[in-house]
Structures are given as C-alpha cells and as structure tokens.
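Colleague: Below, each chain spelled out in residue letters.
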Amino acid sequence: MKTFRVSLNLSLTNSSALAQTQTTPEPPKRRRGTSRWLTLAAPIALLVLWFLATDVLRLFTPNQLPSPIQVLRTASEMIADGSLWRNVAASIGRVVLGFIIGAGIAVIAGTLVGLSKTVETLIDPTLQALRNVPSLAWVPFLLLWLGIDEAPKITLIAIGAFFPVYLNLVSGIRQADRKLVEVGYIFGLRGFHLVRQIILPSALPYLLAGLRIGFGQAWLFLVAAELIASTRGLGFMLIDGQNSSRPDIMLVSIITLALLGKLSDSLLRIVERRALSWTDTFQGT
Amino acid sequence: MSTHKITRRAFAGALIGAALLSACAAPPVPAAPAPAAPAADTAANPPAATGTKPAEVRLDYATYNPSSLVLKEFGWLEEDLAKDGVPVKWVFSAGSNKANELVSSNASDFGSTAGAAALLARTNGVPLKTVYVYSKPEWTALVVPKDSPIKAVTDLKGKKIAVTRGTDPFFFLLRSLKEAGLNQSDVEIVNLQHADGRLALERGQVDAWSGLDPHMANAELNAGATLLYRNIDFNTFGTLNAREEFLQKYPDYVQRVIAQYERARKWILENPDKTAEILAKEAKIDLAIAKKQLTERTVLDADVGTPGDKLRAALEAIVPILTSEKLVASDADPAGALAVLIEPQAAEAALK
Numbered sequence: 001m002k003t004f005r006v007s008l009n010l011s012l013t014n015s016s017a018l019a020q021t022q023t024t025p026e027p028p029k030r031r032r033g034t035s036r037w038l039t040l041a042a043p044i045a046l047l048v049l050w051f052l053a054t055d056v057l058r059l060f061t062p063n064q065l066p067s068p069i070q071v072l073r074t075a076s077e078m079i080a081d082g083s084l085w086r087n088v089a090a091s092i093g094r095v096v097l098g099f100i101i102g103a104g105i106a107v108i109a110g111t112l113v114g115l116s117k118t119v120e121t122l123i124d125p126t127l128q129a130l131r132n133v134p135s136l137a138w139v140p141f142l143l144l145w146l147g148i149d150e151a152p153k154i155t156l157i158a159i160g161a162f163f164p165v166y167l168n169l170v171s172g173i174r175q176a177d178r179k180l181v182e183v184g185y186i187f188g189l190r191g192f193h194l195v196r197q198i199i200l201p202s203a204l205p206y207l208l209a210g211l212r213i214g215f216g217q218a219w220l221f222l223v224a225a226e227l228i229a230s231t232r233g234l235g236f237m238l239i240d241g242q243n244s245s246r247p248d249i250m251l252v253s254i255i256t257l258a259l260l261g262k263l264s265d266s267l268l269r270i271v272e273r274r275a276l277s278w279t280d281t282f283q284g285t
Numbered sequence: 001m002s003t004h005k006i007t008r009r010a011f012a013g014a015l016i017g018a019a020l021l022s023a024c025a026a027p028p029v030p031a032a033p034a035p036a037a038p039a040a041d042t043a044a045n046p047p048a049a050t051g052t053k054p055a056e057v058r059l060d061y062a063t064y065n066p067s068s069l070v071l072k073e074f075g076w077l078e079e080d081l082a083k084d085g086v087p088v089k090w091v092f093s094a095g096s097n098k099a100n101e102l103v104s105s106n107a108s109d110f111g112s113t114a115g116a117a118a119l120l121a122r123t124n125g126v127p128l129k130t131v132y133v134y135s136k137p138e139w140t141a142l143v144v145p146k147d148s149p150i151k152a153v154t155d156l157k158g159k160k161i162a163v164t165r166g167t168d169p170f171f172f173l174l175r176s177l178k179e180a181g182l183n184q185s186d187v188e189i190v191n192l193q194h195a196d197g198r199l200a201l202e203r204g205q206v207d208a209w210s211g212l213d214p215h216m217a218n219a220e221l222n223a224g225a226t227l228l229y230r231n232i233d234f235n236t237f238g239t240l241n242a243r244e245e246f247l248q249k250y251p252d253y254v255q256r257v258i259a260q261y262e263r264a265r266k267w268i269l270e271n272p273d274k275t276a277e278i279l280a281k282e283a284k285i286d287l288a289i290a291k292k293q294l295t296e297r298t299v300l301d302a303d304v305g306t307p308g309d310k311l312r313a314a315l316e317a318i319v320p321i322l323t324s325e326k327l328v329a330s331d332a333d334p335a336g337a338l339a340v341l342i343e344p345q346a347a348e349a350a351l352k
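Chains as they are written, first to last, in our numbering: chain A, 1 to 285; chain B, 1 to 352.
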C-alpha cells in the first residue's frame with residue numbers, strides 16, 4: 001500500500017496532512033491551552049530577536065531592515081488611510097476566485113482520471129508534465145495572451161490551486177479499499193451509487209487535504225501574479241515598496257500575507273474536521 | 001503524559017533562552033566584518049585614510065545613461081584603476097528603481113538614476129549622495145498609442161496608465177496630472193518596468209504610458225506612438241549617486257570615476273554616431289531610435305557635470321510631491337534629505 005501511494009506521486013506534505021486528519025483523538029482541553037502558548041513562543045521570540053537586532057543593537061540600517069516598531073507604525077498608517085484594506089481586499093478576491101476556478105476544474109478532472117484508466121492514460125501524463133512548470137514561467141505568456149488586467153492573475157492562481165487538488169483526489173480515489181468496493185459490488189451497487197457511497201467517502205480525506213494545500217498554493221501564486229502589472233494587492237505593495245526603497249511597506253505586505261495564509265488554512269482545517277467527522281459517523285452505520 | 005508535557009515546556013523554555021542568549025551574544029561577532037556598516041553612523045566620523053583602496057569598484061550601466069555604456073565599452077575606468085590593481089565590476093540597471101536597489105543593498109557603489117529617484121531613496125533612508133550629473137535629458141513624456149482619442153492630459157481621467165513607480169516617469173506623470181488638475185486617484189496607474197510599459201502600450205493594454213528613452217523613442221518610431229505631453233522642466237536630470245560609505249572611505253576613487261565619466265561625455269559629444277551604435281547594440285534597438293534619444297533628447301553640454309543649483313531647483317519641486325503622494329513615511333523629511341543629497345566636492349575636484 002505504501003509503495004503504491006508513493007508511485008502516485010503523493011508528496012510528503014500530503015501524507016503528513018493526511019496523518020493529521022486520519023488520527024483524530026481530541027487532546028484534553030488543558031493541554032490545548034498550553035500548546036496555544038507554545039504556538040506563540042516562536043513568533044514572539046522572532047519578534048524579540050528582530051527588535052534586538054534593529055532598535056537595540058542596530059545591526060541593520062533602516063533601509064536594510066526597519067525595526068518592528070517602524071513596521072507597526074507603517075501598518076497602522078496604512079490601516080488608517082484604508083490602503084492596506086484596499087490591497088488586502090484585492091488579493092483576497094483574486095485568491096478566492098482563482099481557487100474556486102482551479103479547484104473546481106481539478107475536482108472534475110480528478111474524478112474522471114481517478115475513475116477511468118482510459119482518461120488517465122489520455123490526460124494524466126500531460127498534466128504531470130505541466131505540473132512541473134514553475135509559476136513564474138507562466139507569467140510572460142499569460143501577460144501576452146490575457147493582457148495585464150485580472151484575467152492573467154486569476155488564471156495563474158487557478159493553475160496554482162489546480163494541481164494539489166487534482167493529485168490528491170486521484171490518489172484518494174485510487175486509495176479506496178478494493179475489498180470495500182467488492183462488498184459494494186456484491187450488494188448490487190453500480191456506477192454512480194458505488195462512487196457516491198464507497199469511493200467518494202474514502203477519497204474525501206485526500207480531497208480535503210488537497211483543497212487545503214491548493215489554497216496555500218493559491219496564495220503563493222498570488223504574489224507571482226501581482227508582482228507584474230498590478231495597481232493594487234499585496235504583491236503590488238511588495239513591488240511598490242521595493243521600487244521606492246520602503247522595506248517597511250514590504251514587510252507589512254509579507255506579514256499580512258503570512259497572517260492571511262495562516263488564517264485561511266485554519267478556516268479550511270475547521271471545515272475539514274467537520275466534513276470528516278461526518279464521514280466517520282456515516283461509515284460507522 | 002505529564003513527563004511529555006514537562007519536556008515540551010522545558011524545550012520551549014530552552015528555545016527562547018537560546019534565542020535570547022544568541023541575540024545577546026551577537027553584537028561582537030557581526031560588528032567587525034559587516035561589509036555594509038551603517039553609513040548613518042559613519043556620517044559623523046571624519047573620512048577614513050585616503051590612501052586605502054577598495055577591493056573593487058562596482059558601477060551600474062543603463063540604456064538611459066549613455067555615458068555608462070561608452071565607459072563600459074572602452075574600459076577606460078578599468079584601465080585607470082588597473083594601475084592600483086583595483087578591478088571594476090559592471091551591473092545592469094533596468095531603471096532608477098533598480099539602481100537605487102543596487103546601492104541600498106550594497107550590490108553596487110554607484111547607481112545612475114534620475115535626480116528625483118535619488119531624492120526619494122535618500123528620503124527613505126538609502127545612504128547615497130549625488131556626486132555627478134551625467135545628462136540633462138528629456139527622457140520622459142506621456143505617450144499615447146497611434147490614433148489614440150486622448151488629445152490632452154485632462155482626457156486621461158479614468159484611463160489606465162503604465163509607469164514604473166519610483167522613477168522619473170512616475171514623477172513626471174504625477175506633476176503632469178497635477179498641472180492638469182488631476183491626481184493619482186483620478187487615473188489607474190499600472191506599475192510596469194519601463195520596457196514592459198512600452199509593450200503594454202503597443203498591445204493596447206493601457207491607454208497611456210509615462211515612458212522612458214530609449215523605449216519611448218522605440219514606441220514612437222516602431223509603433224507610431226505619439227507624445228501626448230512633453231515638458232523638459234519636469235525631467236530631473238540624470239544623476240550618478242555614490243554609496244555614502246564608499247564616498248567617505250574612498251573620495252579619490254569617486255573623483256576618478258567622475259573623471260572617466262567626463263571623458264565619456266566629451267567623447268559622446270565628439271562622436272554622436274558611434275555612440276548611437278553603442279547604444280543601439282546595448283539596448284537592442286534600431287540605430288534611428290538610438291540617434292533620436294541621443295541627439296534630440298539628451299543634453300550633454302549644458303547644466304551637466306558638477307551637481308549644483310539647477311539640480312537642487314529641479315528637486316525642490318519634487319519635495320512636496322513625496323509627502324503629498326505618500327511616497328515616503330509620514331515622519332520622513334524630504335527637504336532635509338535634499339539638503340544632504342547633493343555632494344559637489346568630488347566633481348569639483350575631478351573637473352578642475
């Protein structure tokens with residue numbers, strides 16, 4: 001079984017995400033409290049180090065690395081004049097739209113490839129090859145074909161979101177227990193009913209892990225998309241800060257990206273947990 | 001379970017402890033070898049011994065700075081510095097924004113920018129000084145595609161305009177809009193590097209472009225683009241900026257660079273056709289485009305050389321824009337930055 005999974009190109013991230021979703025013993029409440037503090041330890045330590053390196057020891061000049069206080073002040077100014085929100089809103093809009101399109105197509109393609117050997121032979125090798133094209137390689141062509149407005153950005157994000165969802169779904173479908181499929185067959189399940197009652201539930205953990213990774217990828221590709229020809233967005237803030245020698249603006253953009261990425265991942269994790277607890281009860285009956 | 005918990009807590013404690021320890025232990029280590037020792041701190045110190053020589057001299061070259069291309073082509077600076085065994089390294093700059101980045105990150109000792117871009121960088125804390133004026137160009141203007149319905153700057157309201165933010169075309173655009181009673185929010189400004197801006201204009205992806213030569217001359221001659229608005233006084237000179245630390249440590253080397261720049265400038269005045277060939281080759285453009293840029297729009301025999309009052313006057317017009325358009329931090333001081341930006345001594349000594 002293990003070797004089979006590897007041969008299906010499941011990356012390490014996928015399997016570790018799966019491990020998390022499959023073993024779901026709820027930790028006792030008190031331990032969750034302490035671990036929450038532990039979670040904060042690393043960012044706080046980083047912040048302290050950053051503060052020490054800039055404001056206290058002055059190892060860096062402000063044009064190389066501005067202090068956290070300077071960055072905080074820039075952030076609060078950008079919040080006050082609404083520019084941060086304007087950029088964040090533009091980026092979220094692009095990520096969500098690109099993700100919906102990319103993941104939507106991936107679910108259709110993944111289901112077809114997962115269920116049919118013929119379709120797999122037909123399109124899977126091509127998709128596997130395209131998967132290895134680095135995101136930045138698409139940028140000049142998307143600009144050439146789709147202009148400089150929203151279309152190339154959304155397309156790039158959709159490409160980013162597509163592959164993790166597609167790969168995980170195909171693997172998930174192929175991971176369905178052959179014995180269960182046979183049992184379903186004996187009980188007279190055919191076609192759509194077999195897929196709905198046996199194959200899809202067993203693929204669900206994979207699909208959800210794929211969606212989470214795909215959403216993360218969407219954020220990564222967003223920056224690549226916004227670095228060129230943009231008027232707003234977090235990637236634009238990054239390039240604008242770079243062009244006008246404002247590393248504080250660049251850091252505001254980077255920190256916002258990190259926070260938004262983490263937040264969206266946590267949201268999807270909650271969705272994932274809910275959806276999976278439902279499957280567990282369903283399988284139990 | 002409880003031992004597990006203790007281990008984790010202890011681990012976290014150890015982690016933070018280690019982090020703090022290493023932070024406290026840090027100062028003596030990087031203080032000595034740090035190559036980019038904060039220039040702001042050295043500003044108060046007297047210039048270091050003039051006899052020392054740099055390990056290498058790093059300059060940028062750019063298609064908007066013909067003198068740099070000529071210098072690089074003939075290797076005059078290499079020749080001069082070879083006497084001291086000091087090598088020369090050339091780095092390409094695609095625009096003032098990139099040149100400022102090179103200087104800010106200590107990847108180059110000299111950056112060629114527009115005067116306004118140098119002021120922006122200096123205001124935002126980049127330790128550079130303008131030591132030489134390499135040209136008085138009319139290198140930027142507002143460009144519209146062939147047969148554009150846009151006939152005046154006021155027609156740009158609500159239109160999409162490509163520009164490289166933080167460079168002379170950007171300041172040119174802001175000032176032109178202001179003059180026509182418009183401001184940044186009346187138009188959609190798309191950030192594109194100069195060369196990409198031309199492509200966007202030719203493909204009809206933007207309505208106008210605040211261009212830069214030679215890309216601008218290219219769009220005119222090859223795609224029939226026209227200049228919607230010109231104003232040479234909104235161009236802020238081509239300035240050569242030195243990294244402040246380099247200037248303080250090696251003022252004589254700054255003078256030698258300027259001396260070679262002067263040689264290149266004089267050579268260009270005597271050999272415009274050959275210069276056009278060099279520019280055409282380096283920028284991968286037609287000879288006619290290079291000639292247009294050099295002969296029609298680059299002044300090399302007046303107001304150039306030592307940076308002085310003309311440059312200062314041009315930059316004084318930029319000061320209020322930096323604040324009003326929020327290009328600098330709210331507590332930044334553009335006027336104060338201008339007061340320390342221009343450093344004529346090296347050029348005065350070199351041009352004697």
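Worth flagging that the hints you see were computed from the coordinates, not collected in a lab. As the structure is a prediction and not an experimental result, all values here were calculated from the model. Warning: the hint list may mix true and false statements.
Computed from the model, here is a short list of chain B residues facing chain A with C-beta under 8 angstroms [unchecked claim]:
1. Pro127
2. Gly166
3. Thr323
4. Ser324
5. Pro344
6. Gln345
We put the CB at the ideal spot given by N, CA and C, even for glycine.
Colleague: All hints are to be evaluated individually against the structure, with a verdict given for each.
Modeller: Hint check results:
1. Pro127: The hint holds - B/Pro127 has a Cβ within 8 angstroms of chain A, the shortest such distance being about 7 angstroms.
2. Gly166: Result: holds, 4 angstroms to nearest chain A Cβ.
3. Thr323: violated (13 angstroms)
4. Ser324: This interface hint is violated because 13 angstroms lies over the 8 angstroms limit.
5. Pro344: This hint is violated: B/Pro344 lies away from chain A, its Cβ roughly 23 angstroms from the closest one there, beyond 8 angstroms.
6. Gln345: B/Gln345 check fails; min Cβ-Cβ to chain A is 23 angstroms, beyond 8 angstroms.
In summary, the numbered hints that this structure violates are 3, 4, 5 and 6.
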